[in-house]
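Residue numbers (the numbering used here), protein chains in the order written: chain S, 1 to 288; chain L, 1001 to 1279.
Mixed in with the good hints there might be a few duds.
What the hints assert, rightly or not - Covered stretches of chain L (in silico footprint by chain S; criterion: 3 or more residues with CB under 8 Å from a CB of chain S, positions within the stretch not fixed):
(1) 1022-1034
(2) 1042-1053
(3) 1126-1140
(4) 1181-1191
(5) 1203-1214
(6) 1217-1227
(7) 1232-1238
Keep in mind that the hints were calculated from the coordinates and are not lab data. A virtual CB, placed ideally from N, CA and C, is assigned to each residue, including glycine.
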Amino acid sequence: MASQPYVMLDEMATRPGRDTVLAAVTRWAFITLSMVFLAALLFAPLATVIAMALAKGWGAYFATFLDPDTRAAIRLTLITALVVVPINTVFGFAAGWSIAKFEFKGKSFLITLIDLPLAVSPVISGMIYVLLFGLQGWFGRYLQDHDISIIFALPGIILATMFVTFPYVARELIPLMQQLGNDEEEAAITLGAGGWLTFFRVTLPKVRWGLLYGIILCNARAMGEFGAVSVVSGHIRGLTNTMPLHIEILYNEYNFVGAFAVASLLMLLALATLIVKTLVERTGYRRR
Amino acid sequence: MKPLRQPSVLPGFGLTFGFTTLFLSGIVLLPLAALVLMTASMPWSEFLHVISTPRAIGSYRLSFGASLLAASINLVFGFIIAWTLVRYEFPGRKVIDALIDMPFALPTAVSGIALTTVFAANGWIGRYLEPLGIKVAYTWIGVTVALTLIGMPFVVRSVQPALQEVQRDLEDAAETLGAGRFYVFRRIILPTVLPALLTGFTLAFARAVGEYGSVIFISGNIPMRTEITPLLIVIRLEEFDYRGAAALGFVMLVISFAMLLTINLLQAWGRRRLVATGR
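Based on the sequences and whatever the hints tell you, model everything.
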């Protein structure tokens, strides 16, 4: 993010007297404090994941992924992300198109509502679906009579994940589309292009980097969500356990190699997300 | 009177606006309304009783106390980190800048078990703190550590752009006029970044209050002592006490919205200040 020109150091070197010494000491102190803080809170935990996952060697590490329950958890996480991310992307475009291309009343209120899930505790995000569809919930009796499972089953996991990751694509696309303006779209329409053609040939290429940015963030969140999914999943091994929930189960069974092996996969996903994010930013795309 | 919608040559308003509001209502608003309605259907006395049991009060104290402490720690260290990244050039700066977002991208369960392992009595850091009599894992200190980690990017990312906006010529001018570094910091740098610092603080605090995944591993979850409010909600749900869970959730929801409002007010204030100083 910080890529302003750094004129500071040369300037400093030419300044006389106490400032040079003081500036050097301050600089040293700030860098050291930052590094100690980040090392303790961020780098040590990240290194621990690798160390613990490989504590009993590569054989034990890979054995984790042969376990059918672990594989089921990975599969469930992938399925959830595959359903949730495209739907939230379509929503992001719908919200972006209606908000950026048109002027209507209540627009800023709508934007606030879209950001709402970010302000809600993950536990509450899961709970609201339990209150609706759980056994004691509003539709619980009806669902039970008709043999439909939502809570403690895949639909509940998908709903909770969708709620949590709901704003990620939209909040990238809305400001970007607003900022880029409508001139090209209006030109295309006036020249006779249809709405869909305009969208795919004009709008989509314009917003591609912001879109990629939103999708990878949404995906990282969808695959890693713990609190909301934990509330609705029921923790049935091999059936309704996503990867983060499987980590919890393995950890609580003192299967540390297994827990950290699964954790290492999610950590790699997070690293990949940050790398893509950095590359996207390097193309010149900036979050506001 | 302004029409409901300004005319435009572009098509697709009905489709996209319809889909947006429909989806928003179905996924977000209706379920949240269910929570509010379930709480509203409780008798007032029952609601008050449920949200003021000693166990609930104990959980608020930990959730809000540790979140406040963590956000305060981040206020200081977030500023230091942002300053380091903006003002100094050193090897690995770009990599560290990119890694600041790690707590956003890293699933909370992963940071939870990793922090617990590092700060446990035999962990990499815990083993040096244990002889000093400082127990981190399974105490409120551990809760604070976890909440500090997840709140850190909010402060750094809020402050970084603000620090880049500080006018260096103003600083230089002040110094040539005889101002000391601390005076420059207090009178020029701090006023510019203050709205951003407060926004970052509030965002970190709001996120910490609701946090679940990274806390439950390191907290030990002893009722009244190391049990956070979100965990108490989960316990109520597991007991099928939906009304109790809803009431506690409602309390948290109200507080979250109050903080959301605060953030918006702070940001409006920050924009006004920028306009007032001519930028």
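Right, here's what the structure says about each hint:
Evaluation of the coverage hint for the region 1022-1034 of chain L: fulfilled, as 9 residues show C-beta separations to chain S shorter than 8 Å, against a requirement of three. Counting residues of the region 1042-1053 of chain L whose CB lies closer than 8 Å to any CB of chain S gives 0, which falls below the minimum of 3, so the coverage claim is violated. With 0 residues having a beta carbon nearer than 8 Å to a beta carbon of chain S, the region 1126-1140 of chain L misses the requirement of three or more and the stated coverage is violated. For the region 1181-1191 of chain L, the stated coverage by chain S is violated: 1 residues have a C-beta nearer than 8 Å to a C-beta of that chain, whereas at least 3 were required.
For a cut-off of 8 Å, the count of residues in the region 1203-1214 of chain L with a CB near a CB of chain S stands at 6, and the three-residue condition holds. Remark: the region 1217-1227 of chain L is not confirmed as covered by chain S, as 1 of its residues place a Cβ nearer than 8 Å to a Cβ of that chain, below the required three. Check result for the region 1232-1238 of chain L against chain S: holds, 3 residues qualifying (beta carbon to beta carbon below 8 Å, three or more required).
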